[in-house]
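Protein chains: 4
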Amino acid sequence: MTTRKVRVALNGYGVIGKRIADAVALQEDMELVGVADVVSDWRIRVAQEKGYPIFAATPEAAAAMRGAGLAMAGQLDDLLGQVDVVADAAPKKIAAANLEKYRAAGVKAIFQGGEKHSLTGHSFVAQANYATALGREMTRVVSCNTTSIVRTLGALHQAGLLKKARGVLVRRATDPWESDHSGVMNTVVPEKDIPSHQGPDAQTVIPELDVVTMAVVAAHTTSHLHAWSVELTRPASRDEVLEVFRSVPRIAFLRMSDGLVALNSTLELMSDLGRPRGDMWEVGLWADAVTVRGSELFYNYQVYNQAIVVPETIDAIRALTELESDGFRSIAKTDRALGIVRDFVRQV
Amino acid sequence: MTTRKVRVALNGYGVIGKRIADAVALQEDMELVGVADVVSDWRIRVAQEKGYPIFAATPEAAAAMRGAGLAMAGQLDDLLGQVDVVADAAPKKIAAANLEKYRAAGVKAIFQGGEKHSLTGHSFVAQANYATALGREMTRVVSCNTTSIVRTLGALHQAGLLKKARGVLVRRATDPWESDHSGVMNTVVPEKDIPSHQGPDAQTVIPELDVVTMAVVAAHTTSHLHAWSVELTRPASRDEVLEVFRSVPRIAFLRMSDGLVALNSTLELMSDLGRPRGDMWEVGLWADAVTVRGSELFYNYQVYNQAIVVPETIDAIRALTELESDGFRSIAKTDRALGIVRDFVRQV
Amino acid sequence: MTTRKVRVALNGYGVIGKRIADAVALQEDMELVGVADVVSDWRIRVAQEKGYPIFAATPEAAAAMRGAGLAMAGQLDDLLGQVDVVADAAPKKIAAANLEKYRAAGVKAIFQGGEKHSLTGHSFVAQANYATALGREMTRVVSCNTTSIVRTLGALHQAGLLKKARGVLVRRATDPWESDHSGVMNTVVPEKDIPSHQGPDAQTVIPELDVVTMAVVAAHTTSHLHAWSVELTRPASRDEVLEVFRSVPRIAFLRMSDGLVALNSTLELMSDLGRPRGDMWEVGLWADAVTVRGSELFYNYQVYNQAIVVPETIDAIRALTELESDGFRSIAKTDRALGIVRDFVRQV
Amino acid sequence: MTTRKVRVALNGYGVIGKRIADAVALQEDMELVGVADVVSDWRIRVAQEKGYPIFAATPEAAAAMRGAGLAMAGQLDDLLGQVDVVADAAPKKIAAANLEKYRAAGVKAIFQGGEKHSLTGHSFVAQANYATALGREMTRVVSCNTTSIVRTLGALHQAGLLKKARGVLVRRATDPWESDHSGVMNTVVPEKDIPSHQGPDAQTVIPELDVVTMAVVAAHTTSHLHAWSVELTRPASRDEVLEVFRSVPRIAFLRMSDGLVALNSTLELMSDLGRPRGDMWEVGLWADAVTVRGSELFYNYQVYNQAIVVPETIDAIRALTELESDGFRSIAKTDRALGIVRDFVRQV
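So the protein sequences, as listed, match chains A, B, C and D.
Under my numbering, the first sequence has 179 at position 179, and the numbering climbs by one with no breaks.
Under my numbering, the second sequence has 236 at position 236, and the numbering climbs by one with no breaks.
Under my numbering, the third sequence has 319 at position 319, and the numbering climbs by one with no breaks.
Under my numbering, the fourth sequence has 118 at position 118, and the numbering climbs by one with no breaks.
Bound-form chain A, shown alone:
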């Protein structure tokens, strides 16, 4: 453990960014120096309520924030001058421009999965490749869907069980807070390209994965669902597969027999458990629906797109800043601070 806290900036206080900010603030070895954004409405006012120093991401935003009466601590450059590392959760169009600013300020940077692998040359999922990120100038935390794929298929791969995996992703249409005509209604929209990009994206973290995905967008806002058909390298028992999933971090079991039968019932559980914003950082895998037939495996799980990458981002901060050399120790710290579990409620 270091004696001083790593100083962290958050740039882009949106759906992902605000969660990263809160998670950073919860870590004993990190200090959230400030959050930067361009908005000046209720969204950033919440950051103010929480006591986070607020920085304007652009000069225009600075003017708007002043106009809205927000107590502004400075602009992005000011913030970058005070930190060791920045977590960038800004809209993807401006990542390249941001990267230049971070470089100029000598600040390490973590981008999100909306960016391409080529932006940073490194893609990150803590349990798969923490070590390769140690001390790097930057990395990219892969997207929510890809993170879930690496966690689950990575576990099977590591156990020597994965031959190939074919998955269908039923994606949420837009995030719950959006009301500005960004949804799809009463339809399902298949992605034009087969395979969809998540398979190759997972290979940026574990190149050996033989994975192909198809994706559709459905008419809901409550997270993604994945349905997988997997060929194993050999026949296996159902218990063996469950044990493999159990052996890696950040996969938690849902049970239909417990009444958790749909995306929304899971979210109600998260909310009932008092989790901040009702977040689920774990892959929620339906344990009692896991089916093995010979060497074929079938299962489905829930990916809570708003939060699943948050613990990964925390670990990425530790890796880049070398706060912690061991990935699993970082994961343990993060999970303890956030409250990440293996079973959401006690089982008999």
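Pairwise CB distance ranges, derived in the manner of DEER restraints: (1) B:Glu100 with D:Ala97: 33 to 43 Å; (2) D:Ala97 with B:Ala25: 46 to 56 Å; (3) C:Lys192 with A:Glu28: 44 to 54 Å; (4) A:Lys92 with C:Lys116: 32 to 42 Å; (5) D:Ala71 with A:Gly67: 51 to 61 Å; (6) C:Lys192 with B:Glu60: 45 to 55 Å; (7) D:Ser118 with A:Arg293: 51 to 61 Å; (8) D:Glu28 with A:Lys92: 48 to 58 Å; (9) D:Ser118 with C:Lys116: 51 to 61 Å; (10) C:Arg4 with B:Glu60: 54 to 64 Å; (11) D:Thr233 with A:Gly67: 35 to 45 Å; (12) A:Ala25 with C:Ala96: 45 to 55 Å; (13) D:Asp180 with A:Glu28: 41 to 51 Å.
Source of the hints: derived by calculation from the structure; they are not laboratory data.
For glycine and all other residues, C-beta sits at the position ideal for the given N, C-alpha and C.
Add chains B, C and D to chain A, keeping to what the hints say.
Coordinates of chains B, C and D only, in the frame set by chain A:
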């Protein structure tokens, strides 16, 4: 061709039944003698508007129909006394009881896919097993999803290309007309059982199919979408696969490049084409998303659950009554009468 | 009656425009000379299937249409050179520019309710002010919501019963065919401005109406619903009010007692009745929910936004071209051609 | 302040009940002795996680709980033997039977708004009639919609400004957690009866209110929205009206200018603020949409149906048990414990 028309009754004037009634009325070799149901509201009033003789399915329904001022032609027994065959589209709980009535009346019967195979001992998809239904007392037209599976995988099987198929079904939550709190909202509900029942159900028609399905219910009413990963018996070209799908009836091609990008845009097209109720009887397969990688095939298609089994039911009537001994001639008659096509709009 | 047909162009073959084209084609005294648009996908291919001559609305569209292999009859200017009147259903941003083209071509023009009253100086609802449109160079058919308000409140006003009306409009989020992230999901979005614009808009047709509206957008695509609280000039009976609504065109009665209990059940009925695209041109007013308490009146009705203005546009064509001098004779012709009724199904 | 805590039971640990339990647990002058229910799945396991003693509401539930391995503290009768008052949030069909049990046990009881006024002879909204509930054996906290009406119209009434109010309620279809086909999809369902029951229900609390409501169910799960047209007793300024709303408890202001433009954006704010389950106990009234024209007032607000009655129930406990003789002191205690505010985020 027979010189007299086969006399047909429709029992159960619901979402499927009303479409069967209209389709029977369009066939040159059939006469719709009447429709039976238990409701006495707008639904059956439409049958009256169309000039269909209306029969009460139960004595209680007879009283209610009289009370509602409907011009009733008699009760179900009266109807059964006048027909050669009955298409039963009644709710599934009463099929067994109905079967006894049909037997007692000496009337051949066609049930829908909500019933089990064991009810009739024969399950029907015209292009797959018309011949085995010739002269039978009864059969079951398999469900919408199973029909689509038999049409598409049956085509690959018949071409010697199918090794195994793994599919994910994204089902509609309820039918568009339902407003009585039967929907699922803003969620996805995975089916408890993996595999879901459609694979074994398809095997009641083509036992050799190696097919496993997983199913989820999504938050829309506009038909089902299937996403398939198929292993072929050998590497094949994309064109070869498209040609196989082209070679069988009742698969029509959709093209994303033509702007048909989602379940609802397809339905708008059906509506624009002036189809009755905007029905799509064909499997709507996205031709330009069909992907082949070596001996693996990926594709998705749309199953319009309200109508896809209607032409199958018409063919089943011909098979049971031996109106037509050749399945493909029956299919051609049905398709001409309904307006079933291979391309919804002319391509260059 | 004229001896020759009025020659009509349709510019903007979208949700409204395609319906106007079909409606023009159904009129004995009109000829649809062609339809113009900028798209070259399935939407315009349907027009081609129907045999409508297709014109490119812009030079760029002409190139795209040629590239897509569409049989193009010319460009917009060619079309305007062959017609007496154009129905403009193009997106609202280009109306002013279009107007200049129509003027230059010496063609009368009818715009839709997305445009402002000031564009044409005249706003049109057939039953309210047909006479004032006779021989004009142009008019604007008011929007779907405003049309419904003028039909219903106009009837009460004409009967001397209307003191003031306060309504809440529950609008559909987007049209059913849209899948391009234009919807609002799982929420209700109140309009920022109270009153919403429909009240003043209705006054462009009947200036004396004392009407205030509030509007919200809800999470559905199946048409609008209006809920009204009306103060009458005197106490009236429920039957008297129903008789007033009955006495004017294009209001049809729905009855909850008949099972027509929601927006979607009505649409299923339209579909069952074989109406083109399942259209409802009438205001669908719930007759058995109409409530009178002293001199207060409460009721709600359904506005099928995709089609309600279509018959008005047909009448506007007759008014501008003086095909018919009497509004109610025009209405009768239009309604007979389209199949507009007072009761959707026969009542006892 | 009493020296000992009032002992409280919660019967019916559902959407409302679980929130009441948590709220009771937060009050300094109350002790949550236990919660009773019939379920034995994840829902009650959460209560176990929170450390609430769990009681089986029926002998059958006791068997099921034992079977599910839940640590059960006894049955309902055991619980009733240990408490002063019970908050009943059980499904409405069993309220009458429950009432007998509570009477037999000599326990005071608070029912929810699903029950009729006649069950208890008293209906409760803290700010309106706390005093009349002091020491009673039982009361009924009125429903979410009625509570909001009493808070808002009660404020206008108390200020001498209310002549009459006509409102339209856009209700949520089902609660967010429900996935068991209880929703309505892609439609709006108007209530059969006009006026809807909420007006008369509000009069059980304030008989003088002249209020008529119409209600529709829309296709979302995220709370209710009310739109009101009010006649004031005299012309008033907008500021005067806002001041009246400001002067009473549990109305908080939303501002569209602050980006809070729809039901779901408000809920995101609640979630961001770290509120338990993202609850909003206040009527969320859009301050910048409040419009006054002469003596007419128009406004809309959001009613978060899952939580708005929770603080009222807490106050009802204090009133019945005479923990606190003054309603506004009880309200202040409750609001402080829960975190109820007037402005969700600081305004300039």
